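Peer 1: Residue-level listing of the chains:
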Amino acid sequence: MKLYCLSGHPTLPCNVLKFKSTTIMLDCGLDMNSTLNFLPLPLVQSPRLSNLPGWSLKDGNAFLDKELKECSGHVFVDSVPEFCLPETELIDLSTVDVILISNYHCMMALPYITEHTGFTGTVYATEPSVQIGRLLMEELVNFIERVPKAQSASLWKNKDIQRLLPSPLKDAVEVSTWRRCYTMQEVNSALSKIQLVGYSQKIELFGAVQVTPLSSGYALGSSNWIIQSHYEKVSYVSGSSLLTTHPQPMDQASLKNSDVLILTGLTQIPTANPDSMVGEFCSNLALTVRNGGNVLVPCYPSGVIYDLLECLYQYIDSAGLSSIPFYFISPVANSSLEFSQIFAEWLCHNKQTKVYLPEPPFPHAELIQTNKLKHYPSIHGDFSNDFRQPCVVFTGHPSLRFGDVVHFMELWGKSSLNTVIFTDVGSDVTVGTVLQRHRRDTWLYSKRPSSQLRRKQGLRDCPWHSLPDIHLEPDFSYLEALAPYQPLAMKCIYCPIDTRLNFIQVSKLLKEVQPLHVVCPEQYTQPPPAQSHRIDLMIDCQPPAMSYRRAEVLALPFKRRYEKIEIMPELADSLVPMEIKPGVSLATVSAVLHTKDNKHILQPPPRPAQPTGGKKRKRASDDIPDCKVLKPLLSGSIPVEQFVQTLEKHGFSDIKVEDTAKGHIVLLQEAETLIQIEEDSTHIICDNDEMLRVRLRDLVLKFLQKF
Amino acid sequence: MDPECSRLLPALCAVLADPRQPVADDTCLEKLLDWFTAVTEAGSSLLLLQENPCLVELLFHVLKSQDLSSRILSFSLRLAGIFAAQEDCFQYLQQGELLPMLFGEVGPLGGAAWTAPAVRSGWIQGLRTLAQHPSALHFLAACGAVDTIFSLQGDPSLFVASAAGQLLVHILDLAMRGPAEGRRSPQACDWPACAQKIVGHIEDSLCSTAIPQVTQALSVLTTAFGHCHGLWTQGLWVRLSPLVARLLEKDPVPASHSLVDLLLSVARSAPSSDRGLWETLAQTLSHLSPTQAGPLALGILKLQDCFIHRLPKDKRDSWSSPAQSRAGFILRTCSAAFCHLPSGLTLWILGHPVPQALRTQAFGILLQPLACVLEAAAQAPGPPGLLEGAAADSMMVDTLLSSKSACVGLLCCALAHLGLLQPLPQRPSPWPQAPLLGAAVTTLRLCSGSAAPTSDVGGRLCAILVGCGRVQRAALDFLGALSQGTGPQELVTQVFSVLLEYLVSPESSSMVLKKAFQATLRWLLSSPKTPGCCDLDPHTQLFLRELLPVLQKRLCSPCWEVRDSGLEFLTQMTRHWGGQAGFRQALLASEVPELTKQLLRDPESYVRASAVTATGQLSSWGLCATPASPECPGAQQESLLVELLHILSTDSEGFPRRAVMQVFTEWLRDGHADVAEDAERFVAGVLQAASRDLDWEVRAQGLELALVFLEQLLGQRSSHCPYAVALPETAPPGVLDQALQVLCRVQLFEFAFRALFDCDRPVAQKSCDLLLFLRAKAAPCGSSQEAGDSPNVASVEATLQRWQAGEQGQPLGYLEPGAVVALLRSIDLEGLRDTLAESSDHVEKSPQSLLQDMLAAVGVLGENEADCY
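Chains as they are written, first to last, in numbering that gives the first Met the number 0: chain A, 0 to 706; chain B, 0 to 868.
Everything labelled a hint here was simulated from the structure, so no lab data went into it.
Computed from a predicted structure; not experimentally measured.
Cβ atoms here follow ideal geometry from the backbone N, Cα and C, with glycine treated the same way.
Don't take each hint at face value.
[Claimed, not checked] Listed next, the in silico DSSO-like pairs over lysine-lysine satisfying Cα-Cα at most 30 Å (straight line):
hint, chain 1, residue 1, chain 2, residue 2
1, A, Lys201, A, Lys158
2, A, Lys255, B, Lys403
3, A, Lys510, B, Lys513
[Stated by the list, open to error] Now the in silico label distances, taken between C-beta atoms and shown as ranges:
hint, chain 1, residue 1, chain 2, residue 2, range
4, A, Ile534, B, Glu489, 22 to 32 Å
5, B, Ala111, A, Cys347, 50 to 60 Å
6, A, Ser414, B, Trp430, 49 to 59 Å
7, B, Leu587, A, Gln161, 47 to 57 Å
[Said to hold, decoys possible] Heads up, incomplete: computed chain B residues facing chain A, CB under 8 Å, no partners named:
hint, residue
8, Ala451
9, Val456
10, Gly457
11, Pro505
12, Lys552
Modelling step: build the complete structure from the supplied sequences, incorporating the hints.
Peer 2: Shown next as C-alpha cells:
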C-alpha cells in the first residue's frame, strides 16, 4: 500500500492511495499562493496600478519592464495570475481510477486533473460539494476572464532570468508548471465526470475495495472517507469540524478501528478560537462603522460568510447598526445564498428542523427581506445606484488579486476610517500559526509561514514593514495579499475564522477512534517553527504519526495478511472439522479457487471425492487434486527436555543439546546424528542409516498430534 | 405565657397529635420551638408543664400514636429536650418515664419512624438541648444513648452525622466541665466514665483502618478544640496526639483534609508551649502531598491573626499577671504591641510563638508551585528560587505535570493562598515581592502561550496551562493583590505588558477580561506619582495610549459582560484620574467618550446602567463627548442631562434608572455645571420622575437627592455620632423661609410625604429621617404660622391620612411653607420612625398570632368555621 503525496499543503491536499488493485486520488486542492506574485486585476481602470514603474535590473537593463512592475519596493508580475498545480510527474495520473472529494475547497484543481492528464475514471463527491464547488470555480473563472489582459508574461520564468530577480520571485519554485486559470468549458467537463454520493453510501470499486463518505462537519456536504476491504480499513480525514455551525455534525464513530488514518485539513490557526474571532470581527466592524468608516471583508462566496451573516444578524440591532447596509458582491452571490437554504438534508439538526417551519434555515433570508443585506453579481449595474456609505461589503477574492475586492481596496485604501477585516483563511493561504506580536501601538494576529517558505519568498527583505501607515510583521500571507496596495492608510484586522479541528480536538479524536497508524503532513508532527515550545500544537499519538511532504511516496506501514474467500455451501457441507484444542478445529479442504472481479470463491473440485474423501490437500498450480497424498497432518510442539529423556530411555547416550536462534539441535554424538528442532520443522540428519532415522522419526512423532 | 396563648394551646396540641390534621409547614413548627425556648428561658419549665398539662399529654400521645408524621415526632423530641434542659423539669419528666420512652430504646429509636432522617435529627437535637446538667449525663449513660450517637456519626444524612459529632463534643464538654474541672488532671485516668467512653471511642476510630471512621474522629476532635475552652482540652491533646501522629506514618495519609482541620484547630485553641504540636505540624507538612499541604501551610502562617481575635475580653486584665499560666506564657514568649482601633478601643496584639522554622517551611510549601513555574520558564539559570527551601523539588514537578487537573488545582490554590496572605500583617517577612511578581507574570504568559520556555518541563507546563481560564483568573487576582507592594521598574513594565496582552487578546473570556481590568486598575492606581509633578508618570501615560484603543474595541464587543466590565473600568479610572491632564488628553483624543454615550442605548440593561454611571462620571469631569454625531451632522446634540432624564422616565429596567438617580445625586452634591445652572428645575424634574417610579430603590435614591438638596439649602446635618457634643443647628429665619419656598416650589414635600407612607419600609424610613432633619432645622424657629392657622393644613392632614390608609391617588396640591412647618410639627414623626424601625412583620410575629395561624390553617378556629358559608 502506497501513498503518493502530490501536494505538501496540509489544507489543500492531493494524495494518491494505491490500495489492493485500485488507485484512488484523495482530493485535488489548488494552491493559489502563486497568485500573490502577480499584480491585482482591477475591474475599473486604476491609474495607480497602471502607472506603476517597470522593473529593471541593477545594471539598468529594462528588458523586463513590460512584465514586472514595482510597487513600494516589491516586484509583481504584470500578467494574468497563474496557479501552482499538484505534482503531475510523480505518478501517471491517467492510471487514477477514482477521485474522492472531501469538500468544495479541496476540488479546485479538478479541471487540471480530469482534462489534461488522460484521466478516465470517476469522481465521487456529495451534491453540495459539487454545487458550491461549481460556484467557486465559476466565480474564479469569472473574476479572471472579465478582466482580459492583453499581455502574457513568460520571459521572467526563464531560469537564467529568474535568478536575477528580487525575492520572492527569485525563489518561487516550479514556475514553469504554473498554469493559467481553466475555462468554464473545462469546469463543466470536469464536473460532468462527478458521480454524486450521499453520506454512508457504500460504493464498490471493482469489487476490491469499498469507499464510503461520512459527514465531516466542516462545510455543507463536506466528507471524510472510509476506504476498506474485508480486512483492512483506511480512513481519510480532511477538513473536519466539531464546532458544528450549520453543516451536519461530524461522524466520528465510523472512523473507529482503522488500520491507517490519513489526517489532513486541520485548522490553520490553532491558537485562535473561532468564537473569539467572531467576537473580534463584530467589535472591529462596529467600531469602524460607528466612526463613519466602511468595512471590507474579503471572502469566499460560501462557508464562513453564512456564519458571519448569522452572527451579524443577532448583533447589528444590539450594536445600533441596523441602518448600516451590508453588501454581498459576487457573480455567484445569489446562487450561494439560495443554495444554502435548500440543502436541508446536509444541515445540522437545528437548521434542518427549520426547513419544516415557515422559516428559512439561515437568517440571511430575513436580512435580505428587510433590505439589510443586498447582493449583487458585481459592482457594475444596480450596485452603483444603491451604494451608500458607511457600509459593510463582503466580496472576493481573499487573495486580493482579482474580483471586486480589488476595486474596494483601491477605493477605500486611502482613508484610515475604513477597515479591511480578513476572516476567511480558506485554504489557499500559507499555513502557519498565529503569533501575538506587539508592534508600536497596534496589536496584530499574524500567521507565520514556515522558515522554508520565508526563505523562499525572501520575506526578510520585504521593505514595507517599515511603512508608517501600517505596523505589520513582514511575513504573513495576508500581509502579502496587501503588498501591492501599499502605502495603505486603511486599518487591517486579521480575525481568521477557521472551524476545522484543532490539536486538542485531534488528540481526543485519535484517542477515541484509535487508529493503528496515523499519516499526516509533516507540518503537523512538530510545533510551529516560531513557537517551538508549543508542543501542544502538534499531533501527539502512539506510535508517532508518519509524515509526508510534497512529491514524496510513502509505503504505508501495514501488510495485508488476509483475504476473504467464500466457500460454496456444498463444499462447506463436506468438511469435517476436528477439534485440536478447545475452540480450535481444523479441516483439510480440497477445492478449486475461482477468482473474478477481485472476489475469491472456493468451489468443489470437478471430480467426485475419493473414498478417503475430505482429507485432501490442495497443491498449487494443480487444478485436479492429488488424492494419493494421505500423509497425516501434524501439530503440536516438541518439549526438548522430555524428548531427550525419551531418547535416553531408548538407549541413546551422549546426547548434547544446543540452543539455536530458531530452536534446538539435539546431537547424538555416538550415532553421528543431528536432530534439528525448530518451531515449524524438524529435521533428522543421519548418515544413511534409514533404520535409525525411522526410529528417531517415530520418537518425534510421539510428541505430535496427527489428524 | 400570656393567657390567650394558654387558651389556644390545648387546641393546638390536639391538632398536632391528630394524624389526620395536616399541620402547616415546617417553619411554623420551628417558630413554635423558638417560642417555647424563649418561654422556658424566661421562666420555669416545670411550671409551664404543670399549668399546661396538654403539653405532656401531647408528648405521651406522640409515643402512642403509630401513624404520626415524622415532622411531628421530630418536633416532639426537640420539645421534650427544651423542657428537660432545666433540671427540675427533667426530674419531673423522668418521674413519668417520659424521657426514656422518648429517647431510649423503646422509643422511636427502635421503630419504623427511625428511618426518617428528620426523626433522627430531632432525637439528636432533643438530646443536645437536654444535656445541660449532671442528671442528663446519668440519663444518657443509663439509656445507652452514647452508643447510638456513635453509630449516628456514620449516618447517611450528612446533617444527622454532623449533628451527632457535635453532640458528642457537647456531652464530652459537659462531662469534663463538671465541678471538678479546675482539679481535673490532664491525665485521663480520673476522667468521668462518660468522657472515658467517648475518648475511648475516638481512640478506637483513630486507630481504625476505615477512613470514614478516622474522618469522624478527626472532625469530632476539630469541633472539640474549636468550641471547648476548658483546660481539659490540653489533656485530651496530650492523650491523643500520639495517635494523630501515627496517622502520618501511613501512606497516603488518611483523611488528610480533616487532619489539617484538626491540627489548625488545636493550634488555634491554645498557644501551646508543647513543642510536640509544632513538630507534628512540621511533620504533617512534609508528609502531605503538595495539594493537601497548602491549606495547612496557609493556616499556620495565619495563626497569629486568629489568635488576636480569639483572646477573650475578660482575660485582658489578667495578662499583666505572669502568674496566670496561659496569659503569662503569652507575655513571656511573645512580643507585644498596642494597636489603636478606630473605635478607640485598645487591643493587645501578641505575636504567636510559631517557631520561625515552621513558618519558613509552611511558606516554602505555598511558594513551591510558583518556584516551579519560574524555574521551568527561566531562559537561563537565574538568581536562586523564591526563597531558600522553596526551590522546586522533583515531587512538586511531578505533581504539576501529572495531569492537567492536578496542575491547575495546585497552581490556583497556591495563587489564592498567597493572595490571602499578602495583605496580612503577620505575612512572612521578607516578602518576596519581586519573585512573586515574576511568577504571576510568567504564569499568565504560560496561560496565554506567549511565554517561550526552553526547558522540557516548561514546554510541558505550557502545553498544560495554555488557554486555562481558571489559572488565568487566579493569577490575575493575585497580580492585582501584588499591586499593594512595589517592584523593580523592569518587572512593573512586564506586569503592564502582560495585562495589556490579556486585555487585547480575543481569546480572553469575559471573566478573565473582567479580572484583567480589575488588576489593571489596581496597578494603575498604585503606580507612583512623578515626584514634584501632579500628573501621571510617563510610563502610565504610555500605557494609557495603548490601553484606550483596546477599551474602545471592548466597548463594541458582542458580549455584554465585556462591554459592562469595560464601562466599569472606565468609570473607576475617570473617578480617580478625571483631573489629571495626561489622562484627560488621552481620553479626549480617543473615541471612548462617544462610544460610552452610545452605550446608553444598549439593549442590555446592566450595560445601560454602567453606561449611565460612566457618562455621569465623565460628564462630572467635563470629559463627555459633545460634538455632533457624524451620522447626522446637522442635528442638535441633546444634552446629557436630558438624555439621562429620558432614561429615568422611560427605561423599562430598574438598573439604569437607579444608576441615573445615583449620577444625579452625585451631580447635585458636586455642583455639576448643568445642574448648577438651574438646580431648582433640575430637582423638581428628577423628583417628579422618581415619585412615579415603581422601583423602591429609585424612590429611596430620590430621597437621598432631596436630602442633598436640603443640606445645600439649610446646611449640613449634624454628625451622627451619639457622643458628639453639638447644639441643634437651626437655620436663620430668613434663610429658612427662602428655603421652604424653594422646597415647596420643587414639590419636595409632596414627594417626601408620599414616601412617608410608601409600602416599602426603607423608603418610608428615609423619608422620615429627612422630615425629622427638616423639622430640626425649622421647628425651633418661631414661625409666624401655628398649626391649624393655615386653612389648608386640615385638608392636607386629611389627605395624608388617606395616603396612610393606602389611597394615594389624590394629590396634595401646592403647600405654603407655613403649612409645611405646621404639618411637620403635627405629625408624630418620632413615633412613625419607631414603628418603622421594628421589623415589618412585628405585628404578625407574636406567639398568639402564630398559634392562631396554625389553628386557622387546619380550620379549628371558630370564626373560620363560620366563614364556611
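Peer 1: Next step is simple, just say for each hint if it's right about the structure.
Peer 2: Each hint, compared with the structure:
no.	hint	result
1	Lys201/A to Lys158/A	49 Å, violated
2	Lys255/A to Lys403/B	26 Å, holds
3	Lys510/A to Lys513/B	35 Å, violated
4	Ile534/A to Glu489/B: 22 to 32 Å	29 Å, holds
5	Ala111/B to Cys347/A: 50 to 60 Å	55 Å, holds
6	Ser414/A to Trp430/B: 49 to 59 Å	53 Å, holds
7	Leu587/B to Gln161/A: 47 to 57 Å	55 Å, holds
8	Ala451	5 Å, holds
9	Val456	11 Å, violated
10	Gly457	7 Å, holds
11	Pro505	4 Å, holds
12	Lys552	5 Å, holds
Checked against the numbered hints above, the structure breaks hints 1, 3, 9 and satisfies the rest.
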